[in-house]
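Participant: Okay, here's what each chain looks like letter by letter:
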Amino acid sequence: MNTATISGLVSSRLNEGGTPTFYPYPEILAAVNEGQRLFCVLTLALEKQFPLLILANTTFLHLLPTVPDYLAPLRLTDTSSGAKVRPATFAELWARDAAWPATIGPLTRYVAAGADLVALYAQSAVPAQLMLQYAASPPLLVVGTDVPAIPPEYHQELVNYGIYRLRMVEGGAEFAATLPLLEHFLAGAQEYGDYMRARNVAAGYDTLPFELALFDRSRLVGKSKKK
Amino acid sequence: MPLPGCDVQNVIDSDLWYRLGFQSQADLLAANWLTVGELYQFADDAVKAIARATSLFLTFDDSIAVSAGTAAYALPAGHIFTEGAWLVYASGGIQLLRLTTVGQLFALDAVWGTKTGAPVRLSLDARDAVSCVLYPSPTANATLAQIMQQTPADVAEGATALPLSPVMEIYFSSAILAAALSKESDSARPEVAAHLVERLGLIDAVIQSLWGEGR
Chain A
2 MNTATISGLV
12 SSRLNEGGTP
22 TFYPYPEILA
32 AVNEGQRLFC
42 VLTLALEKQF
52 PLLILANTTF
62 LHLLPTVPDY
72 LAPLRLTDTS
82 SGAKVRPATF
92 AELWARDAAW
102 PATIGPLTRY
112 VAAGADLVAL
122 YAQSAVPAQL
132 MLQYAASPPL
142 LVVGTDVPAI
152 PPEYHQELVN
162 YGIYRLRMVE
172 GGAEFAATLP
182 LLEHFLAGAQ
192 EYGDYMRARN
202 VAAGYDTLPF
212 ELALFDRSRL
222 VGKSKKK
Chain B
962 MPLPGCDVQN
972 VIDSDLWYRL
982 GFQSQADLLA
992 ANWLTVGELY
1002 QFADDAVKAI
1012 ARATSLFLTF
1022 DDSIAVSAGT
1032 AAYALPAGHI
1042 FTEGAWLVYA
1052 SGGIQLLRLT
1062 TVGQLFALDA
1072 VWGTKTGAPV
1082 RLSLDARDAV
1092 SCVLYPSPTA
1102 NATLAQIMQQ
1112 TPADVAEGAT
1122 ALPLSPVMEI
1132 YFSSAILAAA
1142 LSKESDSARP
1152 EVAAHLVERL
1162 GLIDAVIQSL
1172 WGEGR
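Chains as they are written, first to last, in the numbering used here: chain A, 2 to 228; chain B, 962 to 1176.
Chain A extracted, bound-state conformation (with noise of 0.2 Å):
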């Protein structure tokens, strides 16, 4: 489905279609987009490569200003050796080396900390291009013809999801019977967030999704409707 085909769904669903009045195209839109940032968050969807620059004796760096859309690191990967920079904590890495925040040599060890704070063991003293590869959000949608980044199977949750969105604005019962709508779209996400972390573990990436199924939802989807 393309986004034209959502909002058009959407908008039929809350029993508009055509010109929708009380529920603007841009809101649609601007619902949909906030679904699919939402399920790529929750599940690491969408998998980007980066090659990343490294200048001379680097030891920290912030990825955001380069790699806008980074979410989280999957894999880093020297790219002069071919070998795998291995994940660590900051803990391992002064248990390892007692300077090294300032050791030279290979680049054998990373650790990604906080949004985007990244730190390189060993430093390089020349530049080096490492290979970046990386749970992303999502480009925005903007236009009609435009498709979600996340699965088509999925692309039906986009417009449950945007129902329950659009009519937050109502409140009370009208915006308490969309709660079984949020609740399929964080089954879906639940469900693609497992696939997700199995096939991360398969691959020895080093980010697995937020476990969702761990996480108490109930009063978030409306407890009632469990009694």
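Hints listed in this document are in silico derivations from the structure and should not be mistaken for laboratory results.
Worth double-checking, as some hints may not be accurate.
To be verified - Partner residues aside, some chain A positions facing chain B, computed with beta carbon under 10 Å:
no., residue
1, P27
2, H63
3, D70
4, W101
5, Y111
6, A114
7, A116
8, M169
9, V202
10, A203
11, A204
12, T208
13, F211
14, L213
Glycine included, each C-beta is placed from N, C-alpha and C at the ideal position.
Using the hints, position chain B against chain A.
Facilitator: Chain B alone, transformed into the frame defined by chain A:
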């Protein structure tokens, strides 16, 4: 066109007025219910809350110059916690500083405040909440380097960009709406506000899973 990156202005200018039940931003302002300044204040509150609850704003800082004979230094503005710290000497040598509470310093050395030498510990509670103290007091100049969590500059009209992934705009739209819809008025929707608070809990959990918990 939305601004690049994570920008609170994108959240407020796009469709927040619609989600609050108004036909336009002008309509919202004419209702004398919420001001634009209030909306940015709600966003700022959310930034500060999430900066404490998670490690989102982790950064490397080497702005503190350590001088021989001075043990206490003001922490950088917005400092929340230190993940790790070390001294870098002019020779290039590095000394890891173990984070130590003042209680541990007293247990270690009853007269710790008078000791001088090459620092091996850093205390964040030996003086006040905005200072750090080296133990022993240094006898040589150096640079204090640290990996720390820091709140970004205040969010306000004209200062709205945040060093975060653009997906985090979901968090700020939920936070602003939750705060606005909780405000007492005929337009309040406490049931939606309560739902949005639950949503924030979900996003908080995702943030902590992907980018780290607070300390």
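Participant: Are there hints from earlier that the structure breaks, and if so, what are their numbers?
Facilitator: Those not satisfied are hints 5, 9, 10, 11.
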